[in-house]
Each structure stands twice: as C-alpha cells, then as structure tokens.
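Could you put together the complete structure from these sequences and hints?
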Amino acid sequence: MLSFRKIILYTLMLISVLFSILPLIWMIVSSIKPESQIPIYPPRWIPSVITWENFLSVISKHNFGRWMLNSIIVAGIATFITIFIDAMAGYALACLYFVGRNFLFNLIVFMLLVPIPVTVIPLFLLFSQLHLLDTHIALILPTTANITGVFIMRQFFLGIPGELEDAARIDGCSPFKIWSQIVLPLSGPSLSAVATLTFVSSWNNFLWPLIAINSDNSRTLPVGIAQYMGAMSGASGSAPNYGPPLASAVMATIPALIVFFALQKYFVQGISFTGIKG
Amino acid sequence: MPVIPANLSSTKSWRKAESFAGWGFMLPYLILFILFRFGPIIEGLFFSLTRWNLIGRPTFVRFQNYTSLLKDSFFLISLRNSLYFVVLVAPALIIIGLALAILVNNPSLKGRRINRTLIFAPYAVMSTVVGVIWNWIYDKNFGILNYYLGFLRIGPIAWLTEESIAMVAVAITTLWWTVGYNMILFLAGLQEIPTELYEAALVDGAGSWNTFKKITLPLLRPTTYIVITLTLINTFQVFDQIYVMTGGGPGTSTLTLIQYMYFQAFQNYNLGYGAAIAYATFIILLALTGILQIFMKREA
Amino acid sequence: MYRKFFSIIKAGLVVLFLLSFLSNSFAATQIEFWGGWTGPDGDVMRELVEKFNSTHPDIHVTLTTLQWTPLYSKFMTAFKAGNAPALFATHVQELAYLVEAGVLDSVTDYTHQLGLKSEDFAKRLWDATFYKGVQYGFPLDMHMHGLYYNITMFKNAGLNPSRPPATWDELIKTATKLTIDVNGKHPDEAGFDINRVKQWGLGIPTNHHAFYIWYALMNQQGTSFLTSDFSRVSIDEKKGVAAWKALQDLIYRYHVTPQGQQSPTNDFLNSQVAMVIDGPWQLPAMQRKEGLKWGVGVFPRFGNTQAVWGSGHILVLPKGVSTEARKAAVELAGWIINNSAKWAMSGNIPAMLSVSKSLNFRTLPGRSSFVSMLPYTVFLPNIPKSLQVYSSVAPGPVILAAQAAMLKDEDPARIIQDFIQQVNSILATP
Numbered sequence: 001m002l003s004f005r006k007i008i009l010y011t012l013m014l015i016s017v018l019f020s021i022l023p024l025i026w027m028i029v030s031s032i033k034p035e036s037q038i039p040i041y042p043p044r045w046i047p048s049v050i051t052w053e054n055f056l057s058v059i060s061k062h063n064f065g066r067w068m069l070n071s072i073i074v075a076g077i078a079t080f081i082t083i084f085i086d087a088m089a090g091y092a093l094a095c096l097y098f099v100g101r102n103f104l105f106n107l108i109v110f111m112l113l114v115p116i117p118v119t120v121i122p123l124f125l126l127f128s129q130l131h132l133l134d135t136h137i138a139l140i141l142p143t144t145a146n147i148t149g150v151f152i153m154r155q156f157f158l159g160i161p162g163e164l165e166d167a168a169r170i171d172g173c174s175p176f177k178i179w180s181q182i183v184l185p186l187s188g189p190s191l192s193a194v195a196t197l198t199f200v201s202s203w204n205n206f207l208w209p210l211i212a213i214n215s216d217n218s219r220t221l222p223v224g225i226a227q228y229m230g231a232m233s234g235a236s237g238s239a240p241n242y243g244p245p246l247a248s249a250v251m252a253t254i255p256a257l258i259v260f261f262a263l264q265k266y267f268v269q270g271i272s273f274t275g276i277k278g
Numbered sequence: 001m002p003v004i005p006a007n008l009s010s011t012k013s014w015r016k017a018e019s020f021a022g023w024g025f026m027l028p029y030l031i032l033f034i035l036f037r038f039g040p041i042i043e044g045l046f047f048s049l050t051r052w053n054l055i056g057r058p059t060f061v062r063f064q065n066y067t068s069l070l071k072d073s074f075f076l077i078s079l080r081n082s083l084y085f086v087v088l089v090a091p092a093l094i095i096i097g098l099a100l101a102i103l104v105n106n107p108s109l110k111g112r113r114i115n116r117t118l119i120f121a122p123y124a125v126m127s128t129v130v131g132v133i134w135n136w137i138y139d140k141n142f143g144i145l146n147y148y149l150g151f152l153r154i155g156p157i158a159w160l161t162e163e164s165i166a167m168v169a170v171a172i173t174t175l176w177w178t179v180g181y182n183m184i185l186f187l188a189g190l191q192e193i194p195t196e197l198y199e200a201a202l203v204d205g206a207g208s209w210n211t212f213k214k215i216t217l218p219l220l221r222p223t224t225y226i227v228i229t230l231t232l233i234n235t236f237q238v239f240d241q242i243y244v245m246t247g248g249g250p251g252t253s254t255l256t257l258i259q260y261m262y263f264q265a266f267q268n269y270n271l272g273y274g275a276a277i278a279y280a281t282f283i284i285l286l287a288l289t290g291i292l293q294i295f296m297k298r299e300a
Numbered sequence: 001m002y003r004k005f006f007s008i009i010k011a012g013l014v015v016l017f018l019l020s021f022l023s024n025s026f027a028a029t030q031i032e033f034w035g036g037w038t039g040p041d042g043d044v045m046r047e048l049v050e051k052f053n054s055t056h057p058d059i060h061v062t063l064t065t066l067q068w069t070p071l072y073s074k075f076m077t078a079f080k081a082g083n084a085p086a087l088f089a090t091h092v093q094e095l096a097y098l099v100e101a102g103v104l105d106s107v108t109d110y111t112h113q114l115g116l117k118s119e120d121f122a123k124r125l126w127d128a129t130f131y132k133g134v135q136y137g138f139p140l141d142m143h144m145h146g147l148y149y150n151i152t153m154f155k156n157a158g159l160n161p162s163r164p165p166a167t168w169d170e171l172i173k174t175a176t177k178l179t180i181d182v183n184g185k186h187p188d189e190a191g192f193d194i195n196r197v198k199q200w201g202l203g204i205p206t207n208h209h210a211f212y213i214w215y216a217l218m219n220q221q222g223t224s225f226l227t228s229d230f231s232r233v234s235i236d237e238k239k240g241v242a243a244w245k246a247l248q249d250l251i252y253r254y255h256v257t258p259q260g261q262q263s264p265t266n267d268f269l270n271s272q273v274a275m276v277i278d279g280p281w282q283l284p285a286m287q288r289k290e291g292l293k294w295g296v297g298v299f300p301r302f303g304n305t306q307a308v309w310g311s312g313h314i315l316v317l318p319k320g321v322s323t324e325a326r327k328a329a330v331e332l333a334g335w336i337i338n339n340s341a342k343w344a345m346s347g348n349i350p351a352m353l354s355v356s357k358s359l360n361f362r363t364l365p366g367r368s369s370f371v372s373m374l375p376y377t378v379f380l381p382n383i384p385k386s387l388q389v390y391s392s393v394a395p396g397p398v399i400l401a402a403q404a405a406m407l408k409d410e411d412p413a414r415i416i417q418d419f420i421q422q423v424n425s426i427l428a429t430p
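Residue numbers (my numbering), protein chains in the order written: chain L, 1 to 278; chain F, 1 to 300; chain P, 1 to 430.
For the record, the hints were derived by calculation from the structure and aren't laboratory data.
Misleading hints may appear alongside valid ones.
Each computed DSBU-like pair below joins lysine-lysine, with the alpha-carbon atoms no more than 35 Å apart [claimed, not checked]:
id : chain 1 : residue 1 : chain 2 : residue 2
1  : P       : K238      : P       : K177
2  : F       : K110      : L       : K6
3  : P       : K177      : L       : K61
4  : L       : K6        : F       : K213
5  : P       : K80       : P       : K132
6  : F       : K71       : P       : K239
7  : L       : K61       : P       : K289
8  : F       : K71       : P       : K123
9  : P       : K327      : P       : K123
10 : P       : K123      : P       : K357
11 : P       : K385      : P       : K132
12 : L       : K61       : P       : K293
13 : P       : K185      : P       : K198
14 : P       : K80       : L       : K61
15 : F       : K71       : L       : K265
16 : P       : K185      : L       : K61
17 : P       : K155      : P       : K342
18 : F       : K71       : P       : K80
19 : L       : K6        : L       : K265
20 : P       : K327      : L       : K61
21 : P       : K185      : P       : K132
22 : F       : K110      : F       : K16
23 : F       : K71       : P       : K238
24 : L       : K6        : F       : K12
25 : L       : K177      : F       : K16
26 : P       : K408      : F       : K71
27 : P       : K289      : P       : K173
28 : L       : K265      : F       : K297
29 : P       : K80       : P       : K117
30 : F       : K71       : P       : K357
31 : L       : K265      : F       : K110
32 : L       : K61       : P       : K132
33 : F       : K12       : L       : K177
34 : P       : K289      : P       : K408
35 : F       : K214      : L       : K265
From a predicted model like this one, the values you see are computed outputs, not experimental measurements.
So, in structure tokens, the structure goes:
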C-alpha cells in the first residue's frame with residue numbers, strides 16, 4: 001500500500017501533468033469537431049461528431065504544406081549549423097586560452113539583456129541591402145547567432161576532466177583533433193540540448209519571419225497560420241472561424257513536439273552547471 | 001591547425017598555437033554573432049538617437065527620445081506593468097520549477113520520465129497557438145475555465161477583459177508555457193549532486209527538510225543563480241504572450257515595455273522612439289540584474 | 001566512421017538546400033495581392049482569386065490575408081524593401097496615411113482604362129477614394145453596423161420579429177424584455193439576479209468598435225470629434241458625454257448587456273444574447289449556424305438624425321512595381337470589382353450600384369437592412385495619422401477610450417478629456 005506521503009507526491013505530479021497537457025488536449029479535441037460545434041456552451045470534451053474537415057480545409061485552402069516544409073528546412077539547417085559553431089565556440093571559451101577570452105564571453109552573455117525586437121529593423125535593413133529578404137537564409141542566419149547554446153556548450157566543456165586533454169596533448173594532437181575526436185563525441189547530451197532549444201526557438205519564431213518574408217511560398221508556419229488566426233480572438237472587422245485555426249495549431253505543434261520528445265531524453269544530462277560529473 | 005610535435009616543450013609556442021586555435025574555433029560563431037546579433041544591437045542603439053518613420057531618412061535628434069520617455073506616461077505605465085509582471089510570475093516560475101524538478105527527480109516515484117516530458121511539452125508550442133488555446137480557455141462566457149469554476153460557485157471571471165485580472169491571466173499562461181524550462185534546468189542541477197551525499201545524510205538520520213536545506217540548496221547554487229537570472233531577463237522582456245492574448249489591454253493593464261515598444265516601432269512607425277524604449281528596457285534590466293548579482297553574491 | 005556520418009549529413013544538407021529553391025513556374029506574371037480578410041470573407045476572396053487565376057493563364061495572383069494591424073506593419077517594411085504587393089486592400093479612413101507616406105500611385109488613368117465611372121458606384125465610397133483631389137483607390141465595398149436579432153427569442157418574449165427596435169428607447173425596452181435571469185425575471189423587476197442571467201438582451205463590442213458606435217451617436221447629434229479641417233480635436237462635451245453614457249447605461253444602468261464581454265457575436269451565435277451590433281462580415285457565420293433564426297435591423301437612432309459608422313474597402317496600387325505587375329494588378333482590380341456580386345457573399349455591400357440595387361443581391365439573407373443604411377453611413381475622418389489615432393491596439397486613444405467606457409464605466413467627461421489630450425499630442429508631433 002502506498003504511504004500517505006507517496007499519495008501526496010503522486011497527486012502533485014498528476015496535477016502538474018494535467019495542468020500542462022489539458023489545454024493541449026482541449027485544442028486537439030476541438031480541432032476534430034465540426035465548425036458549428038466548437039464554440040458551444042456548455043463545452044464538451046468528447047465530440048459528438050468527429051470530422052477532419054478543419055484539417056482538410058486548411059490544407060486545401062492554404063499553402064500549409066509549403067509553410068511546414070519551409071519551417072522544417074529553416075529550423076533544420078539552423079539547428080545543424082548552430083550545434084557545430086556553438087560546440088566550437090564553447091570549446092574555445094572553455095579550454096583554449098586566448099587574450100580577451102573572458103571579456104568576449106561576458107560580452108556575448110551580456111547581449112541577453114537586450115530585447116530581441118530591437119534587432120528586427122536593423123536586420124531587415126541589412127538583408128534588404130543584400131537582397132536576401134524573402135529567402136531561407138534570412139531566417140536561418142539570425143537564429144544561429146544565439147547565446148544560450150554557446151553558454152551550454154561552454155559549461156559542458158568546462159566539466160571535461162583536464163587529464164583527458166592533457167593526455168591527448170602529450171600524444172601530439174592538435175586542438176582540432178582533440179575537439180573532434182575526443183571531446184565532441186562525449187558531448188552528445190549537450191548537443192542534444194542545444195539542438196532542441198535551437199529547433200524549437202527557430203520553429204516558433206514569429207516577429208522576424210513576419211517582417212523578413214513576403215511571398216506566401218517562403219513563409220514559415222507561425223506567420224502562415226496567423227493569416228486566419230486573428231478572427232478567432234474576437235476582434236471585429238472580420239468573421240470568426242474556429243476550426244481552421246485550431247486544426248493548424250495542432251499540425252503546427254506536432255513537428256516541434258516530435259523533435260522535442262526524441263531529444264529530451266538527453267536533454268537533462270546535457271545541461272550542466274557545476275561541471276562536476278555526478 | 002598546427003600539429004605540436006611530441007618533443008616540443010616550449011610553452012610559449014604552445015600558447016601561441018592555442019591562442020591561434022582559440023580564435024579559429026571562435027571565428028565561425030563570432031562572425032555570425034557580430035553580423036546578426038551584436039551589429040544590429042549597436043545599429044538599434046544608433047536608431048534610438050534618431051527620429052525615423054522607415055520610409056524616409058532618419059533625422060538625428062540626439063537624446064530627445066530618451067528625454068521624451070521620461071515624460072511619457074505610457075512608458076512609465078509600461079515600466080510599472082513590467083515590474084509587476086516580474087514580481088507576479090518570476091517567484092512562481094522559480095519556486096514551482098524547483099519543486100517540480102525535485103518531484104520528478106524522486107527515484108521512488110514511477111513514471112517520472114514521461115511526466116517530465118509532459119510537463120515540459122508546452123514549451124514546444126508556438127506563441128500564436130498559445131494565444132489560440134488560452135484566449136479560448138479564458139473566455140468569460142464560454143471558456144472552459146469559467147465553466148468549471150462555475151461548479152465551485154465562482155465567477156464568471158473576466159480573465160482577459162478585467163483590468164485587475166488580465167495580468168494575472170497572462171501570468172498563469174506564462175507559468176504553463178515556460179515552467180517546464182526552469183524545471184529542466186533545476187533537474188540538470190539536481191542530477192549533478194552526488195547521490196552518496198544523500199545516502200550519507202540518510203545514514204546520519206537527517207530529515208528531508210534538513211537534507212534539502214543543508215545539501216540540496218547549497219549545491220544547487222550555480223543552477224539557482226542561472227535560473228533566477230534567466231527568469232528575470234525573460235519575464236522583464238515578456239512580449240509574445242501579451243501580443244497574442246491582450247495586445248496590452250484591457251486599457252493599459254497589460255501594456256509592458258516591449259509591447260509598448262512594438263506599438264511605437266511597428267504600429268506608429270516611430271522607429272527611433274521604439275528603439276529608445278528598447279534601450280531604456282536594457283538599461284533598467286541591467287540595473288536589476290546588477291542588484292540581483294550583489295544580492296546573490298552576498299548570500300554566498 | 002565519421003566520414004560516413006559527415007557525408008550523409010552533407011548529402012542531406014544539399015538536398016535541403018535544393019528543396020529550398022522550389023518555386024512556381026515563371027511563365028505567368030506573378031503578383032501579390034494583400035488584404036486583411038481573415039475569416040470566411042477571406043475564403044470568398046480566395047475563391048475569387050482562384051477563379052481569376054484560372055481564367056487568366058498569363059497572370060498568377062497570390063493572395064495573402066493577415067489581420068489588418070500586422071498587415072499594415074508588414075506592408076510598410078515590404079514597401080521599404082521594394083517588395084510591396086502589386087495590389088493592396090485598405091480602408092477608406094487609411095487612405096490619407098498611405099498617400100502621405102508616399103507609397104501609392106494615383107489610379108486616375110486606370111479607372112478610365114477600366115471604364116469605371118462615378119455614377120456607377122455608391123457616392124460616399126467613390127468620393128472616399130479621393131484624397132486632396134486625386135483618386136487613389138478603386139472602390140470595392142462598404143460595410144456598416146447593423147442590429148442582428150434572434151427571431152426565436154423575439155417570439156418567445158412576445159415581440160414582433162418583423163419590427164426590430166429602430167430608436168434607442170425602443171432598443172432599451174426591447175433588450176430589457178429579452179434579458180432574463182434563471183428565475184425568469186427582467187432587469188426592471190424586483191429580485192433580478194444580475195449574476196445568474198440566462199439570456200442577455202444586447203451585445204455590444206468592447207473594443208475599437210465601441211468607439212465607432214460612439215462616433216455614430218455623435219453624428220446622430222450632428223457633431224463629430226475633429227474640427228472640419230481635421231487638424232484638431234473638437235468635441236462638444238455635452239453631446240460627447242451623452243453618447244458614451246448611452247452605451248455605458250446599457251451595461252451599468254439598464255443591465256441589458258453583460259459586462260466584460262469578449263466576443264458579443266459569439267454569444268449571439270450561441271443563443272446567449274438576443275441582439276448584437278456588428279457588421280455584415282458576420283453574415284456568413286450567421287448563415288452557417290444551424291438552428292439559428294436571425295434577422296437584421298438598422299442601427300438604432302439615438303439623436304435627431306440617422307447616422308451609422310461604416311467603412312469601405314478600396315483597392316490601391318503601391319508604387320514601385322514593375323510595368324507587367326502593375327498591368328496585371330489593374331486587371332485584377334477591375335475584374336474583382338466587376339465580379340462584386342460574387343464578393344457580396346462575404347457579407348460586404350458591393351459599392352457597384354448595379355449590384356447592390358439588383359434583386360439577386362437584395363434578397364440575400366440580411367442584406368436589405370444594411371443596404372438601406374448606405375445613404376447615412378459615415379466614415380471616420382480620413383487623416384494622415386489615422387493608423388495611430390484609430391489604432392485598435394493599446395495604448396491607442398480610440399481603444400483606450402472604448403475600453404475605459406465599456407469595461408470600467410469610467411466617467412465620460414474624463415474619457416473625453418483623456419481622448420482629447422492623447423489625440424492632440426499625436427496630431428501635434430510631426
């Protein structure tokens with residue numbers, strides 16, 4: 001029989017989990033209801049009729065598949081680039097001594113304090129001059145200039161026992177060889193953490209893609225689905241529609257959740273703060 | 001990259017090689033960082049000294065934007081709201097994040113892995129979708145929240161249309177959206193504490209609260225430090241949820257600094273003024289983190 | 001081992017990169033058309049664009065719909081980058097802003113080309129396409145506030161469903177009879193429980209549309225809020241207060257409207273509210289709702305004259321597009337206007353008189369009341385600072401005034417003072 005204490009703990013856990021997933025379940029359940037049955041009162045959790053019309057409507061009327069593809073390409077490439085450059089930068093900041101290293105690290109982390117929206121217009125002007133607006137590159141590059149990833153990788157490399165590197169050094173390995181053949185293979189969990197965070201962040205990015213991308217074919221999901229979202233929040237001037245926004249919300253969230261579930265196993269191991277291997 | 005021969009004992013050459021390698025490793029990231037983060041930040045600073053509507057050319061006005069800010073009642077309101085939001089949500093995010101991490105770390109509970117994933121799942125949802133879901137939940141007349149509260153004879157509460165409540169509603173949504181992130185950070189920190197310490201404490205007969213106070217908390221310090229700082233930064237700069245849920249309203253009750261910046265820069269096209277708001281936010285945040293640092297160092 | 005891993009990655013990257021260059025065929029002239037229709041009205045426009053594309057093989061139009069507010073943000077940045085859409089939809093009160101920003105070309109040559117004449121269109125809308133004597137837009141449609149009402153609820157309350165309230169007093173009386181608490185009591189009866197109301201009589205918007213209603217009530221009293229040259233705010237305080245009070249009383253004195261309504265029209269669609277003030281863009285949603293029997297009446301008269309807030313969509317031509325794109329855009333604009341009868345399905349009232357007067361159109365459900373209001377529809381003043389003054393996002397003066405009145409029951413004199421101060425400061429900055 002479970003102890004009283006265990007019951008409390010399980011209850012707390014249940015409440016937390018329910019709090020987290022009930023809104024998502026509500027979204028999914030509502031998306032498979034017919035349009036007229038969504039804004040009903042009293043609300044029903046179990047739909048009386050299940051329909052895929054909302055999903056079909058979104059896919060047939062809009063460039064949804066295209067937006068999804070764009071988001072995948074942009075997030076995928078950005079993540080790929082980021083884990084490598086962050087692994088390199090993190091290693092340099094942790095293990096390779098050079099003049100100004102600490103100053104550089106502090107400067108980088110310092111930039112977290114500047115609100116990101118302020119970079120939107122300057123970035124816009126830059127890409128506009130380079131005639132790179134409306135391209136995937138415009139969306140990929142700013143994401144790679146992230147800060148938390150470098151922080152996480154540096155923390156990880158700080159925790160690598162020095163003896164490992166010293167041994168390699170005595171053997172005559174160059175820093176690059178040490179990095180790529182000894183240290184990097186150990187960094188799977190940290191790379192997973194950085195990959196997850198970068199992917200999710202790129203996937204969900206709204207403000208910059210809104211400004212940087214014009215043509216519908218190059219749009220990413222958050223901006224694409226915003227095209228029919230406004231009507232749902234009750235802002236008059238356009239009629240409300242519930243099904244399409246909900247269906248696209250479901251479809252837009254799934255890929256990020258997949259990446260997330262796949263990598264989160266390593267996530268927790270990948271983040272270390274003390275550098276002590278426990 | 002130069003290969004250092006095994007018989008080279010000169011530290012000076014090694015240092016030079018290391019320095020060279022260091023910069024080499026930094027370079028790819030550094031280039032991207034300067035071009036797409038640092039550079040735009042400096043350029044934004046320059047814009048804050050101008051008046052510009054995007055279409056024309058910027059006119060240099062020195063510090064006029066900043067002096068106007070001091071007299072701008074909406075700026076002061078948004079500053080107050082941002083601070084209010086931090087006070088409302090940051091402690092909860094930190095404490096609940098820690099509590100959840102401890103809960104999920106407890107080896108005697110089954111199903112921790114899946115629960116941990118589920119609690120973190122909202123973090124993967126995009127802001128537009130967060131808005132769709134929660135505007136729906138919070139609807140005064142047929143949102144499910146008020147429906148269930150009705151059974152407890154509470155309400156109906158005007159979550160998003162009542163000035164005194166709107167910020168609380170946004171705070172709850174923020175908690176839902178991001179507490180998982182703090183939980184994961186704390187969890188990572190918890191898992192670095194050697195289990196032998198806990199076993200030793202158990203042998204010594206220490207109760208769980210004492211264990212927590214004397215072992216867990218102190219060893220969690222680096223993590224706690226980071227979580228508090230990141231939470232402060234993120235809550236003070238809140239934008240996405242406000243934009244999709246209330247747009248700064250009702251009235252000005254959820255008008256935060258960045259929401260106001262968005263209003264000025266992207267609605268009114270007062271780009272210079274909007275940039276000034278962003279930099280004012282930065283300066284204030286700098287001061288806040290500075291105070292935080294002093295406070296936390298003193299605790300050490 | 002690493003080699004293989006890296007080469008797979010490289011191959012994957014190459015594939016991804018190549019995929020990213022996919023695009024439509026280049027044979028036809030590609031143009032972009034932007035508008036803020038995000039609901040079923042957007043679907044109607046989408047169908048129209050598809051039909052155009054299929055009947056015009058040499059032109060391919062891509063329609064982008066985004067909520068009006070972010071749409072404008074996007075438009076300005078797009079213009080700056082030289083990527084403005086070839087055809088853009090805007091509202092009549094925003095024309096001055098766009099022209100003064102220098103982003104529009106005049107349409108005079110093209111109206112001649114398309115054979116569009118002023119006699120063919122609703123006068124108010126045609127006139128509204130002109131700014132400082134030059135025509136900058138093609139007139140598409142008009143829309144204004146109307147009074148939707150639930151026929152079933154009327155019958156149940158013993159009211160005549162063919163006679164919706166026409167004056168403000170009738171509105172209050174009717175709404176009172178239609179506001180019922182769980183015990184069957186009305187707001188004017190003793191024992192009325194305001195916290196347990198089963199059905200409300202009237203729903204009114206609590207956002208910028210509340211301001212539009214106030215504006216209508218001001219016009220009904222023969223006044224507005226700007227001086228005739230639009231340079232300064234000038235409000236007759238007595239009339240301004242009376243207009244706000246009329247709205248606030250519905251909630252706080254007569255208790256026929258619930259406080260803090262987020263989406264009055266949703267409440268109406270769900271049969272929780274018997275009447276609602278909203279525009280014709282809701283008609284498709286009304287028609288779709290199963291089991292709802294509804295009608296539309298005119299906007300009630302409060303003052304000495306009839307007036308109702310309205311606006312209209314006009315199609316404009318941004319500068320800086322290529323000659324082929326411009327040609328295609330003009331063709332698209334003309335085609336859409338000539339197919340106004342189809343656009344009428346979105347609920348908006350086509351500006352083309354031949355359509356709005358046609359029997360086909362008038363017999364569409366709910367249209368006739370809206371059409372009858374065409375002669376006295378008033379537009380918001382078309383000022384260069386319209387985006388800032390009329391902003392529907394906090395802290396724009398219009399939305400602040402509306403919410404202070406509807407959500408907070410703020411003292412109307414105070415609302416007007418704040419409004420005057422905020423608008424004047426916007427108008428004063430260069």
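Verification of the supplied hints:
1. P:K238 / P:K177: holds (30 Å)
2. F:K110 / L:K6: holds (10 Å)
3. P:K177 / L:K61: Distance of about 44 Å is beyond 35 Å: violated.
4. L:K6 / F:K213: Holds, because 21 Å separates the two Cα atoms, which is no more than 35 Å.
5. P:K80 / P:K132: holds (24 Å)
6. F:K71 / P:K239: holds (32 Å)
7. L:K61 / P:K289: The hint holds at about 21 Å.
8. F:K71 / P:K123: violated (45 Å)
9. P:K327 / P:K123: holds (27 Å)
10. P:K123 / P:K357: holds (14 Å)
11. P:K385 / P:K132: Holds: K385 (chain P) and K132 (chain P) sit about 15 Å apart, inside 35 Å.
12. L:K61 / P:K293: holds (29 Å)
13. P:K185 / P:K198: holds (10 Å)
14. P:K80 / L:K61: Within the cut-off at roughly 29 Å; holds.
15. F:K71 / L:K265: This hinted pair is violated, its Cα atoms lying about 51 Å apart.
16. P:K185 / L:K61: violated (47 Å)
17. P:K155 / P:K342: holds (33 Å)
18. F:K71 / P:K80: Within the cut-off at roughly 31 Å; holds.
19. L:K6 / L:K265: holds (25 Å)
20. P:K327 / L:K61: holds (26 Å)
21. P:K185 / P:K132: violated (56 Å)
22. F:K110 / F:K16: violated (53 Å)
23. F:K71 / P:K238: holds (31 Å)
24. L:K6 / F:K12: Not satisfied, since the Cα-Cα distance of roughly 61 Å exceeds 35 Å.
25. L:K177 / F:K16: holds (17 Å)
26. P:K408 / F:K71: holds (26 Å)
27. P:K289 / P:K173: holds (27 Å)
28. L:K265 / F:K297: holds (33 Å)
29. P:K80 / P:K117: holds (33 Å)
30. F:K71 / P:K357: violated (54 Å)
31. L:K265 / F:K110: The given pair, whose Cα atoms are some 16 Å apart, holds under the 35 Å limit.
32. L:K61 / P:K132: violated (40 Å)
33. F:K12 / L:K177: Since the Cα atoms of K12 (chain F) and K177 (chain L) sit roughly 20 Å apart, the hinted pair holds (cutoff 35 Å).
34. P:K289 / P:K408: OK: K289 (chain P) and K408 (chain P) at ~32 Å, within 35 Å.
35. F:K214 / L:K265: holds (29 Å)
The structure is inconsistent with the numbered hints 3, 8, 15, 16, 21, 22, 24, 30 and 32, although it conforms to all the rest.
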